[in-house]
Every structure is written in C-alpha cells, then in structure tokens.
Amino acid sequence: MIVRVNVTVNGEQCQADDVWPGESLLYLLRERLGLPGAKNACEQGECGSCTVYLDGVLVCACLVAAGQAQGRQVRTVEGLADGAELDPVQQAFVETGAVQCGFCTPGLVVAAHDLLNRVDRPTDPEIREALAGNLCRCTGYEKILEAVRLAASRRNPGGRPGEAAEGESR
Amino acid sequence: MTNPSNPSNPSRTRDTALSAPARVPTELTTSVPGGVGSSPHRPDAALKVRGEFAFASDLWHEDMVWGVTLRSPHPHALIRSIDITDALTVPGVRAVLTHTDVPGTNRYGLERPDQPVLAEDVVRYQGEPVALVAADHPETARRAMRRIAVDYQVLDPVVDAEAVVAGAAPLLHPGGNIVRHQPIRRGDPDATAPVVVRGTYRVGMQDQAFLGPESGLAVPAPDGGVDLYVATQWLHVDQRQVAIALGLPVDRVRLTLSGVGGAFGGREDLSMQVHACLLALYTGRPVKMVYNRQESFYGHVHRHPATLRYEHGADRDGRLVYVRAEIFLDGGAYASSTPAVVANAATLGVGPYEVPNVAVDCWGVYTNNPPCGAMRGFGAVQAAFAYESQMDRLAEAVGVGPVEIRLRNAMRRGSTLPTGQVVDSAAPVAELLRRVAAKPLPPPVDPAEVDLRQLPGGVANTTHGEGVVRGVGYGVGIKNICFSEGFDDFSTARVRVEAVGGEVAATVHTAACEVGQGLVTVLQQIVRTELGVRRVSVLPMDTSIGDAGSTSASRQTYMTGGAVRAASHAVRDRLLAMAAAELGATATDLVLAGGAVLSTRDGAAVDLAALLGADAVERTAEWRHRATEAVDPVTGQGNAHVQYGFAAHRAVVDVDTELGLVRVVELACAQDVGRAMNPQAVLGQIQGGSAQGLGLAVMEEIQISAGRIRNPSFTDYLIPTVLDMPPMRIDVLELADEHAPYGLRGVGEPPTISSTPAIVAAIRAATGLALTRVPVRPEHITGT
Ligand code: FES
Ligand code: FES
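Chains as they are written, first to last, in the UniProt record's numbering: chain A, 1 to 170; chain B, 1 to 784.
Don't take each hint at face value.
[Said to hold, decoys possible] Beyond 10 Å from chain B on every Cβ pair, some chain A residues (computed):
1) Asn6
2) Glu12
3) Ala16
4) Asp55
5) Leu58
6) Val59
7) Ala65
8) Gly67
9) Gln68
10) Val77
11) Arg118
12) Asp120
13) Asn156
[What the hints assert, rightly or not] Looking from chain A toward chain B, a few residues come up when the C-beta cut is under 10 Å (computed):
14) Gly11
15) Cys14
16) Gly37
17) Lys39
18) Thr76
19) Ala81
20) Leu86
21) Val94
22) Val99
23) Cys101
24) Cys104
25) Asp124
26) Arg137
27) Tyr141
28) Leu150
FYI, nobody ran anything at the bench for these hints, they're computed from the structure. Where is the CB? At the ideal position from N, CA and C, for every residue including glycine.
Given the sequences, and given the hints that come with them, work out the whole structure.
Given below as structure tokens:
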C-alpha cells in the first residue's frame, strides 16, 4: 500500500506521494522533502541525531512512521534560525566549539532548544539528563554543556543561576 | 554469475552527461581576525548548526539510484555458487553485480592488497561483501538483495590469535597467517632483577562508532570515469585503490570529500567506494550508498583485540631493569593496517619509560574474526593498558605510590627508546604526571545530599551510596605522530591570493580530509598568520590537487599545516617582491600585515588589493617531515618515528561493589601539544579522546563469538553518553618541538591512550581487584 502524506514542516505545507508504509518520518524529511538536517546515525532510537519536534514534542524521527505525521506540524533544525540570525542555542554551539564533525549537532541543538523552552536556567545535572539520549562521539560533551549554559544565560539573563561549571581547563 | 542486463562495456552506458549533484560540499569562507594560537569559529560551524552542511549521507542527485551490499552470514565458508536470476526480476532493480563484474583487479588493501572487492570462492569474515544491487528505492534494493541465492559450504572459523602464532590453524591466506612479527631487542636479553612483576592483559575489540555512517555518491562521467563524493580519511589512497579495482587510469577516478561524520581510523580502509563506483558505471546512473548502523559495524575495521604477556624487572627502588613482553594482536580476516599497528605496539611497548634491557615480540595475525585496522592511538592503546597496569603492580611490589613509580622511570628529552632512537625534543612525562597529581580531588559523595545522578547506576536508583567506594588511578602514554618506518610522508597545498571586491582574499586548496577535528579552521589560521589577511576560503578537498596523506596518526595539522605554511611563504615572497618593486624598497625590509605590505624601515605601505589589481598570486607546495627509517626485522632497532605525543590522566571513580557499576567522577588530563594552534580545538580533542578511552575502560566492546558479532547496534554496543562522561580538568603544555611547524605536536591520539589505564587503575584502587581485561564489566567487579 502506497500513500500520500501531507505535513507542515517548519511552517510550510508539504506533500509527498508514493510513500511506502515502512518509511519513517526521517526518510520522508531527508529523502522526499529535501530536509537532510535531521541525521541518520542509528535508525533505532538510540542516538538522538534525528531529533525533531512533532506537534511541539521531541521525537526521534527515525521511530515515527511517515504516515503518522499526516496532518501534523514538524519543526526541524532547519526551522530554528530566523533567516540569517541563528537561534541562541545554535549561536552558542558555534562559539563554544561544541561542533566538531557536527553529525550529532542537529539533534543536540533541537534537544537543547527544547530544554531551554522548558527550564530557564538548567543546572548541569538537568542538562545532562535532558541530553542523555543524544550521542556525540567527537566532543566528550564538555563543550556541549558549555554551549547550553551559554545559551541559557543569554536567553534568560535574569533567571535562576545554574550550578557553577563543573570542569576547568588550562 | 554474470548479469544479463549488464552491458559488456560499462563505460558506454551513458550518452548524455549528467549534471552535477544537487547537494555537495561547498567552499567555506570566513573573514575574521584569528591567526595561529587563537580560536576563531569553524568556517563550517554555522552550516552544521543549521543542518545545512552536506554530509556524505545527505548527498543527492536528481537521477540517483540506491546501492546495497549483500554480505556473508558466515565467518568462514566456501562459495559454491551465486544465483542472481531472481533478484534481477524485482521491478525497479537496475543492476546486480558479483565478483565477475569487477573489471579491474579484484583486490584492495591499505598496506597489502589481500581483500576482494567482492568475494570470489571464499568468505573470510561475517559481513564480507558478496554481491551488490542498485535499485530505484533503497527498500527495493534490499528486497532484491534477499533474493540472491548464495550456496555456501561452511568452514570452521579460525578465531584464536595465539593459536595462529603457535601454528595451530589452517592457512587463511597464501602467504601464511602471520601478517607481521616484530621483535625488539635492546641490552641484555637475560637481565635479572630483584623485583619482578608479571601479568597477562587483554583488550577487547573496540569500535570507532563514528556517528555518520559510511556513505557516498558515485556519478558516472562522460569520459568513462567516475566522480565519487565520499566521507573518507585519505582521498588519494582511496583513488588509487578504486582505480585498480575498476581497471581505470587514476585520473578517471576523481574524489571529492563530502561531510565526514567522525572517523577515528574507521574510514582509512575502503568501504562502499568501489561498490558505488561499480554500480554507477554499470547502471549509467548516479548511485548513492548509505550504510545503516548494523551494516556499519560490519562495514569497517575495528581496534585490534589483544593479549599481552608482560614481565617487568626492577631494582628495589622500582627503577626498571628490564621489560619482556609478548603481544598478540588479532588482525581478523584481512591485513588492513595491521603491520603498522604491530610496529606501534612493539616500538612503544614499554611506554614512556627508560628501560635498559628490552625483549618484546609482537605479532599481528589473520583469523576469521572481523578485520581490524586503524583506530585512534592504534597499537599504543593496547600496549598502554598492559604496561601501565604493570607499573601499578611494580609500585605495589616496591611499596611506593603510582605517581612515584612513574616519576622514577619517566622518559625525558635525551632518553633512548627500545628501538635505539634518541628522543630529541620535549618529553615532559614527569611534569605531566605531577600536574595531574597536583589537581585538587573532587569532594566525596555527601550522604546527606545524595543526587542519584551522581552515583553509579544513576537514576536507575540502584544505590543511595551504600556499597559505593571511591578510587583514584593514574595513566600516562606515548604515541608516535605522523607516518613512521621510512614511509614517504608528505602533503601538498595550494594558496592563492587575489583582490575580491577591493578586499584581499586568500584561498587554500588541499586534499587533506576534514573529519571533524577542525583542520579547516587551522589552515585558515595559518594563512592569516603568514599573509596578514582576514578573508580566507577553504576549497572542497578533492583529488584535483596533489596528495595530502591520511588524516590519521595525529599528523594532518603537522603535515598539511606544514604544506600550507610553505605555500603561503612562497606567495609571501612573491608579494614582497612585487611590493619592493612598487615601493623601490628591498624585500627583506617588508612585511605582510593587515592586508598590506609595510616597510619596517620607513613605514611606507602598499595595500595588497591595490598591489594585486586584477592579478592573482598562486603557489603550490609539497612538504615533508624529516625522514625516518625502517626498523630492523630481527632487532627492531632504527629511527622509526618522527615525533612523540604524551598525555597523562588521573581518574577518580565511584564503584558500586555490589552491582559492579562504575561511575567515573572526574578525569584530569595534562598533555604537551608543542603549540596550541587553536586552543579551543585542542581542548575538544583532549575531551573527545578521553571519552573514547573511557569507553574502552568500562563499556565498549564488540562481542565476538565464533567469529560472529553479537552486538552490532547502539542498543548493545554502548558508547559514553553525557551522563557517563565526567567533568575534566585539563592542563595544556606548550613545549615547542623545534623540528615541527610552529613547534606543534600532534594532539588527537595521546588522550585516548592514557585515560583507559587511569580509569582501570582507579577501579582497582577502589575495589582491590586485579582487573586485567578491558572493558571492565560489572561481573568482573562482582565476581559473578
Ligand atoms: S537515527 Fe534516530 S535515534 Fe538514531
Ligand atoms: S561532533 Fe561529531 S558526533 Fe558530535
């Protein structure tokens, strides 16, 4: 059985024809809608590289069937920046060196974006818990934590101060 | 086995030229200050955070079809026949290929061409490629693949490396089952000592687990050749191997680096390169191949599992008198980098210590286990777990602390290695140890304020602190930087300067693979420092320029950095000569700064953009490090290495002794980097490298039974998450190496080497257990 899927992605109405029943939302986004931002590192829900918002809730796009997105709202990493202006989370990842190969980055940026929408100034254990489903093989996570702290402090400068940075360097 | 749908001459299957792919790597430009020693942002960072960076798995061509690989389910079997008839009947299938369709030589290999592109009459490991399918949809291709009928005669797999060395295994390759045996002999082989410690250590098979799967896009070209966009670590070595397999002249196989989602050694060998090109030539269509995670575990080489038998002899103060060792490395089914891994484990086998009498024998062998090759720190990682475990045993035997025993034996500038090579630049082993030892220790867990997230087991709520003990351990390691043993190791770079819209702009072109480490940033920094410009573009890396060598052995900043500096100097010399003529000055009185040429004599200046006008200055340089030599095959003597990198770690762990769960509380690391070219990127390498060492210490292992991988997924092969990786305290030393560009020392590998033994030492300190195998598993701690 082959179906048509209508879905709103980053505010735009999109349609895909000839979708196979086994296709994931991740395949739909990457291969049919030209949005390869969400990544395919495991396709088993283990790495978080494919993290997107579905109706405002974080999901692993690899675990959602394309058909399940019918009539719903998807927001991907491509939909976070405001034109040339990066989202504060994206900007903080750039500045702190949280990006190496960058394969984990789209998923982590979306997950961190969601965290900061829920918690003003997360503590380090809160950040760790929120990002525990996102694997990164390059950075050892230290600079990713730094990026989230920086983004939080900029988005909510007056908010409750997070716990002091855990590490030190140089 | 031939495919009736295949045209006899694949190069004539297309009559119209295909357009370029729609999504490919792009030039990266930034116009900012930021020379050597500063930390400007990566030129690709904005693309990466936006999700717009073109990774190899993101490539896309309007006309493309999908390729998949049929792999052997058996670790060792004869192939009686392959029947593709059924597969060809699946609608949407474009080609089904087997070894008879390989037009060139059906062999490849980094050091020895012993591996078939597609298996012929035998398969030597589970996962070995046997056939290929191209189809309009990846699922169609997979369905057709399942309809290929292969008749196997299953054979007993050879799985024990030590048995192979003992000669007790059937022949797997015509030249014998020993890939390399390297002895090292120094001093008195019969030396004796009053204090002797012995141990046998084992290292499990680790996976690089880069996040971006093997992938690429092959586009057939009008000249009968192919353009391959791929994630790799060394474009030119891929190009040479692909051309041989396709039977094409090298210049008809053109490679462009696509976005690489991490590498860590796992992309040194070919994976889908030849396969995609073959399918592209046979179908006349662009072919995309992307492995999924399970296939990735079968599709690249791993870290060699090892058995290491050591005996250390020392005087009563713990000063080493001799080290004797036997090291067995399981290379799996094909040679890959095994010869170089053997060389490292042998020549660095006693660690960063002065040892007058050494007898080491290291073997790398063929088995029917998954092929093993390069992974960050190769050879040195396995040896370090053994020699550092031995140093702790020795400390206990002579009654001193773990730092003290290492200080008493630490190598320094001027020390002689077991190969007879004298260390002729900084070797601050003692200083690195003192630094990590001097760091304040993290506070103990406060029983009154227990946060589950900070205990072993975490929010699984396995303990509130009962049964939890803390331990502290140390490790230090040594790694050779750049290619060793007389290899002609060089890199090529082209630098161009011109005026663009009134601003002076530089462009760098190399074939050096950016795999995530930040080479693109460092190359820009070098050009800024040497030419005094802000705007620098990095062209996509490809084979239209000369070889840059491999992004491995921590060598690329050293080598391609050296080449870019050399090319920049040639450009500078030309610009200064032009300015000298313009100003009526001598070139030696002129310098480049701030986009202008300035006279140091009278302050006269000429703007570079004006000086250049419509002209461009472009220079290409090929650059080599100082020569090395092969080691003697019998004694292991010789000046084999270019440079050494050193790092030391202190690990603090909490162990739940009842459940065997470990939480690494903190890692301290000190490393000498010669010159921190980009301090932020240096820290990133130390943090990421330490995390991979943590993984080997307590979680990561490809579990093999009878030659089969039992855990080919991220569900069952665990890599550290943000919950597993503790905060780090890092000291970066910058003791310039006078032989290296900018005094730099390769950074990437050393932190992976020393974190593993430090963590295991800390678990031993906490539990009192011997722990001779990594990764340490809960049952090793609980004894169940
Ligand atoms: S690709 Fe979806 S979680 Fe890994
Ligand atoms: S930056 Fe490479 S996986 Fe995170």
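Status of the hints after comparison with the structure:
| no. | hint | verdict |
| --- | --- | --- |
| 1 | Asn6 | holds (21 Å) |
| 2 | Glu12 | holds (15 Å) |
| 3 | Ala16 | holds (13 Å) |
| 4 | Asp55 | holds (20 Å) |
| 5 | Leu58 | holds (15 Å) |
| 6 | Val59 | holds (16 Å) |
| 7 | Ala65 | holds (14 Å) |
| 8 | Gly67 | holds (15 Å) |
| 9 | Gln68 | holds (18 Å) |
| 10 | Val77 | violated (4 Å) |
| 11 | Arg118 | holds (17 Å) |
| 12 | Asp120 | holds (20 Å) |
| 13 | Asn156 | holds (20 Å) |
| 14 | Gly11 | violated (15 Å) |
| 15 | Cys14 | violated (16 Å) |
| 16 | Gly37 | holds (2 Å) |
| 17 | Lys39 | holds (7 Å) |
| 18 | Thr76 | holds (7 Å) |
| 19 | Ala81 | holds (6 Å) |
| 20 | Leu86 | holds (7 Å) |
| 21 | Val94 | holds (4 Å) |
| 22 | Val99 | holds (5 Å) |
| 23 | Cys101 | holds (3 Å) |
| 24 | Cys104 | holds (6 Å) |
| 25 | Asp124 | holds (8 Å) |
| 26 | Arg137 | holds (5 Å) |
| 27 | Tyr141 | holds (4 Å) |
| 28 | Leu150 | violated (13 Å) |
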